[in-house]
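2 protein chains.
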Amino acid sequence: MPTIIDIAAKLGVSKGTVSKALNNSSDISETLRKKVVETAVEMGYEKNRVRRDRAQKLCIIVENMSCKNESDFGYEIVMGFKKLALPAGWDVDIVEMTKEDQLAVSYDMFMMQNEYKGAFILGFALMDPWMEELKTSRTPAVLYDNYILENPAVSYIGINNEEGVNLAVSYLKDLGHTRIGYLGGAMESYVMRTRYYAYFRSMEYHGLPAAEDLTGYSYHISECTQKYLPVLLKKKVTAILCCHDALAHAVLNHCLELGCRVPGDISIIGFDDAPFSAYTTPPLTTVRQDRGALGRCGYYALSSLLNHTSISSLLLRAELIKRQSAGPVRTWELPQKSILTGTDAARPVSAGRTAAGTSQ
Amino acid sequence: MPTIIDIAAKLGVSKGTVSKALNNSSDISETLRKKVVETAVEMGYEKNRVRRDRAQKLCIIVENMSCKNESDFGYEIVMGFKKLALPAGWDVDIVEMTKEDQLAVSYDMFMMQNEYKGAFILGFALMDPWMEELKTSRTPAVLYDNYILENPAVSYIGINNEEGVNLAVSYLKDLGHTRIGYLGGAMESYVMRTRYYAYFRSMEYHGLPAAEDLTGYSYHISECTQKYLPVLLKKKVTAILCCHDALAHAVLNHCLELGCRVPGDISIIGFDDAPFSAYTTPPLTTVRQDRGALGRCGYYALSSLLNHTSISSLLLRAELIKRQSAGPVRTWELPQKSILTGTDAARPVSAGRTAAGTSQ
Numbered sequence: 041m042p043t044i045i046d047i048a049a050k051l052g053v054s055k056g057t058v059s060k061a062l063n064n065s066s067d068i069s070e071t072l073r074k075k076v077v078e079t080a081v082e083m084g085y086e087k088n089r090v091r092r093d094r095a096q097k098l099c100i101i102v103e104n105m106s107c108k109n110e111s112d113f114g115y116e117i118v119m120g121f122k123k124l125a126l127p128a129g130w131d132v133d134i135v136e137m138t139k140e141d142q143l144a145v146s147y148d149m150f151m152m153q154n155e156y157k158g159a160f161i162l163g164f165a166l167m168d169p170w171m172e173e174l175k176t177s178r179t180p181a182v183l184y185d186n187y188i189l190e191n192p193a194v195s196y197i198g199i200n201n202e203e204g205v206n207l208a209v210s211y212l213k214d215l216g217h218t219r220i221g222y223l224g225g226a227m228e229s230y231v232m233r234t235r236y237y238a239y240f241r242s243m244e245y246h247g248l249p250a251a252e253d254l255t256g257y258s259y260h261i262s263e264c265t266q267k268y269l270p271v272l273l274k275k276k277v278t279a280i281l282c283c284h285d286a287l288a289h290a291v292l293n294h295c296l297e298l299g300c301r302v303p304g305d306i307s308i309i310g311f312d313d314a315p316f317s318a319y320t321t322p323p324l325t326t327v328r329q330d331r332g333a334l335g336r337c338g339y340y341a342l343s344s345l346l347n348h349t350s351i352s353s354l355l356l357r358a359e360l361i362k363r364q365s366a367g368p369v370r371t372w373e374l375p376q377k378s379i380l381t382g383t384d385a386a387r388p389v390s391a392g393r394t395a396a397g398t399s400q
Numbered sequence: 041m042p043t044i045i046d047i048a049a050k051l052g053v054s055k056g057t058v059s060k061a062l063n064n065s066s067d068i069s070e071t072l073r074k075k076v077v078e079t080a081v082e083m084g085y086e087k088n089r090v091r092r093d094r095a096q097k098l099c100i101i102v103e104n105m106s107c108k109n110e111s112d113f114g115y116e117i118v119m120g121f122k123k124l125a126l127p128a129g130w131d132v133d134i135v136e137m138t139k140e141d142q143l144a145v146s147y148d149m150f151m152m153q154n155e156y157k158g159a160f161i162l163g164f165a166l167m168d169p170w171m172e173e174l175k176t177s178r179t180p181a182v183l184y185d186n187y188i189l190e191n192p193a194v195s196y197i198g199i200n201n202e203e204g205v206n207l208a209v210s211y212l213k214d215l216g217h218t219r220i221g222y223l224g225g226a227m228e229s230y231v232m233r234t235r236y237y238a239y240f241r242s243m244e245y246h247g248l249p250a251a252e253d254l255t256g257y258s259y260h261i262s263e264c265t266q267k268y269l270p271v272l273l274k275k276k277v278t279a280i281l282c283c284h285d286a287l288a289h290a291v292l293n294h295c296l297e298l299g300c301r302v303p304g305d306i307s308i309i310g311f312d313d314a315p316f317s318a319y320t321t322p323p324l325t326t327v328r329q330d331r332g333a334l335g336r337c338g339y340y341a342l343s344s345l346l347n348h349t350s351i352s353s354l355l356l357r358a359e360l361i362k363r364q365s366a367g368p369v370r371t372w373e374l375p376q377k378s379i380l381t382g383t384d385a386a387r388p389v390s391a392g393r394t395a396a397g398t399s400q
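Protein chains in written order, with our numbering: chain A, 41 to 400; chain B, 41 to 400.
Hints are computed from structural coordinates only; laboratory data are not their basis.
Be careful, since some hints might not be right.
If chains are identical, the list can't say which one is meant, so a pair holds when it fits in one copy or spans any two.
[What the hints assert, rightly or not] In silico lysine-lysine, DSS-like type, Cα no more than 27 Å apart, as pairs:
#	residue 1	residue 2
1	K123	K157
2	K123	K362
3	K362	K75
No experiment lies behind these values; they were computed from the predicted model shown.
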């Protein structure tokens, strides 16, 4: 077990400098602090060594995600992780994290000060301050839905989003759909980018037309439904794939408000199989992530890192959960000129439906 | 535990038909046999149920790869797998397999007849007969270096070849190389294709020129060295990345025969860190696959499948092992017209070398 003296000797600085760096003292440059902390991590230094007989600690760092209640998206992920970590003798802390928290302290420093041996990180966006540090940090971290190139101390776990999008497009094609739109979330998210580009690749793979004007994306669900959904309907899409279930639910409701029946006039497929998605009206067809398995794989990847086996990526299979929000394609009436130039959504007409329209 | 009678009832055929199908009898159509075997697998049917108190069995199916001796490429992979499987109570058989063997019996039938619960499959090429069956089989299989789209009963494990190629190109660029060639293996192999295309992407990523005429590939090492190596040298490459260490070793020797010093005149990087690669002259710089970890991850993926958690892909980090076959770039003299049109290799000239040339 290295001491402050060993670290000082290795870096050719004084013991006091190392101590200041490790105690977050303000009268030391950021560059030197970073150097000291990195060296301490690499040498296996631990603060408060007198307490090393206690259980060792891991943390689950959470941002942009709830995980406290069963109805929260992150709940089963956290449970899956804990179910393996606790019997293996680890203490596991859940730490909620904001961008401001990340700016206040470096990742390595945070981990060392709290004596965490490794982190399972959920919900980070690409621009999160610690994402930059994770490119070079040597403190083991497993990222859910984020990929860091080549750093052997960091692993990426998630589902195979490419396959997930492909399952949805393939299913819609089998139902007769050819004009399939896509509504997505913020492109500042690695997984949102991945699903967006996967849509284009999958459409091309299936020989279906994909163009940017059949898509829309925004961090704000309201922008997707109010700005992009009418455009997609005007472009005569008969199905829309949404990047997550909350968006799919909003799109579903907005379609109903616009007088489009789901799935009679338009099919909607979500992503994630969030806990609420079986309870929407109609229940959402969606691409499932097995969240319990994601948590277990997160622990497996982290314990592998702690045992010097470095996983670059571990991706689970996606599964299409077929409920009622997607169905066979219906034909559209030829668009009226007024519709193409106006602001109202195009009006789909179902086969076998009277001119006046009847609800199912 | 379902019986032959259950299977017959489910399929609406006679008990005798099911028995014939499961015993590989010749007087039954291939279509029906396939249907029966698939149904039996899905229902969890086991032959010879009286023996179910014995240890349960897994198999490692091996083709195009040796794994018996420590110097064999597959040895550590098999050991890594067994080190986890045996303590968990599994018997593990090693089964050598040829294309002819695969044509003689279907994968599902082979697994059922031998009472294997799952397979770890090493060394298959894309055109292997069982690769087609693995697209739809429900018998758990983990493939090393092969990816099957979307089948939840099959997982892909390997290293991140994209990162591996990138590590090599990045290192060569740092050494001053800009003209980097690539020599590859048979494109009938998933991993050979992956590495080949990764070379183009990595060169583009680093802003370096990549063109097909800076590359060559063949199943036969001799074709790579005799046909493509002289072309690459004539194109004034200063470094060559090879898709595996056996090829790198052959290229190294052929360079020396042609009077090129390695790494003085040309740098060579291999792939895999095969057991012999530290013993070549000069020792090979190469992209390492941690074979013991691959075996352990293979078992993890297979036991996950057996527990209904389906991994799509599990990729380990690659690691660049820096030995002596790659070094700083040397300048080349301007090519003579005769060299450009002739059949001899271009002659690199090292900085600070006499016209007559001296060996190091």
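Consistency of the hints with the structure:
no.	hint	in the structure
1	K123 - K157	both (18 Å within a copy, 26 Å between copies)
2	K123 - K362	neither (29 Å within a copy, 40 Å between copies)
3	K362 - K75	between (52 Å within a copy, 25 Å between copies)
Going through the hint list in order, the structure does not satisfy hint 2, though it satisfies all others.
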